[in-house]
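Chemist: Sequence:
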Amino acid sequence: MVVRILGILTCVCTLLVSGLTSSASAQSFSRFKFGVAVGTDEEIRERIEPFRLYLEEVLDRPVDLFLIPTLDELTAALVNGDVDYAVLSGSAYGAASAFCGCVEPLVSARPDVGNGRYHAVVISRRPLTMADLAGKRLAVQDSGSTTGYRIPLANLEKQGINVREHFRTLLRVETGVDGLLAVMDGRADASLGWSTLTGSPQTGYTAGTLNDYFLSGARGLDKLTVAWTSAPLPYDAHAVRVNLPDDLKTRLKDGLLQLLGQAPDVYLAIEPDLPGGFLSVKEADYDAFKATFGEDARKVLERPQP
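Read left to right, the sequence shown gives residues -26 to -1, 1 to 280 (mature numbering (1 follows the signal peptide of the UniProt record, and there is no 0)).
Hint data in this document are derived by calculation from the structure and do not stem from the laboratory. Built from N, CA and C at the ideal position, the CB exists for glycine as well. Be a bit skeptical, because a hint or two may be false.
Restraint ranges, calculated between C-beta atoms of paired labels, are given here [unchecked claim]:
{"hint": "1", "residue 1": "133", "residue 2": "100", "range": "20 to 30 Å"}
{"hint": "2", "residue 1": "4", "residue 2": "268", "range": "16 to 26 Å"}
{"hint": "3", "residue 1": "197", "residue 2": "143", "range": "16 to 26 Å"}
{"hint": "4", "residue 1": "20", "residue 2": "277", "range": "44 to 54 Å"}
{"hint": "5", "residue 1": "118", "residue 2": "205", "range": "19 to 29 Å"}
{"hint": "6", "residue 1": "118", "residue 2": "16", "range": "18 to 28 Å"}
{"hint": "7", "residue 1": "75", "residue 2": "4", "range": "22 to 32 Å"}
Using 27 Å as the maximum straight-line C-alpha spacing, the simulated DSS-like pairs for lysine-lysine come out as follows [to be verified]:
{"hint": "8", "residue 1": "256", "residue 2": "227"}
{"hint": "9", "residue 1": "132", "residue 2": "110"}
{"hint": "10", "residue 1": "256", "residue 2": "223"}
{"hint": "11", "residue 1": "132", "residue 2": "273"}
When you get a sec, could you build the whole thing from the sequences and use the hints?
Modeler: Put into structure tokens, the structure is as follows:
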């Protein structure tokens, strides 16, 4: 799962440095502000309208929909209190939480197979440990990639392994599959990627880099193995401001957890790519994302790439 996060980091930092603060604590929340990143979806307002109406029913108050151009700006809007509730990526939530501590995750969406979590992984050609890989060559993706760079480097650093010192060479590749091809042809000894780690290993599990490799038709999947895994990672974060009244948080969370069973079409309006329903989450579920914004991670993440 490749998500680029550097713009979000810049956007959130700019807000905090500029001293912008939310007036949410003084609000009555008589109207509820829901923000969505528009991207290139020109029909998003019409598509999400059933979900907005569902929110009004659940929360028993008017819900205003804010269509915000980018995920970066949506994250900043939640941090700044311009919206009360937003759907963020895991990395975007990690950025907001790490820098302001003013947000709270309620639920995350899940695919229709698996356990609703995925992992950043280090993949090698034969059963190896991270100790075995000392002095070897590691294939990495660009510095904005969540599972192809940021989460593995930051969380291994947190575990006491500085990837830049542990490995002899960091080999830059475009995709996770390219990294596995480099492992198979001997240019690298291990590569970064992601996996659900559920389902059949013979097909590369249900989704992720190993599954992409299997679907590509490349040979040698049976020779590849996982040498390291991150903590389980939520696919996204339906997040609110911390200062939202507890009764509204409870109503919203309960309504989201019940949504797929009550109104599947409305659920798919807001989560078309993750059709398996919502799972309850807590702050600690995003620690691996938050680690990428810590002081200890900067020394390994911000050095020039190979």
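Chemist: Taking the hints in turn, state whether each one holds.
Modeler: Outcome of the hint check:
1. 133 x 100: 20 to 30 Å: holds, 22 Å
2. 4 x 268: 16 to 26 Å: With a Cβ separation near 38 Å, residue 4 and residue 268 fall outside 16 to 26 Å, so the hint is violated.
3. 197 x 143: 16 to 26 Å: Once the Cβ atoms are compared, 21 Å apart, the range 16 to 26 Å for residue 143 and residue 197 holds.
4. 20 x 277: 44 to 54 Å: About 46 Å separates the Cβ atoms of residue 20 and residue 277, which means 44 to 54 Å holds.
5. 118 x 205: 19 to 29 Å: Holds, at about 21 Å.
6. 118 x 16: 18 to 28 Å: Between residue 118 and residue 16, where Cβ atoms are some 26 Å apart, the hint holds.
7. 75 x 4: 22 to 32 Å: Distance hint for residue 75, residue 4 holds at roughly 26 Å.
8. 256 x 227: Status holds; Cα separation ~12 Å.
9. 132 x 110: With Cα atoms ~20 Å apart, residue 132 and residue 110 stay inside 27 Å; holds.
10. 256 x 223: holds, 13 Å
11. 132 x 273: holds, 12 Å
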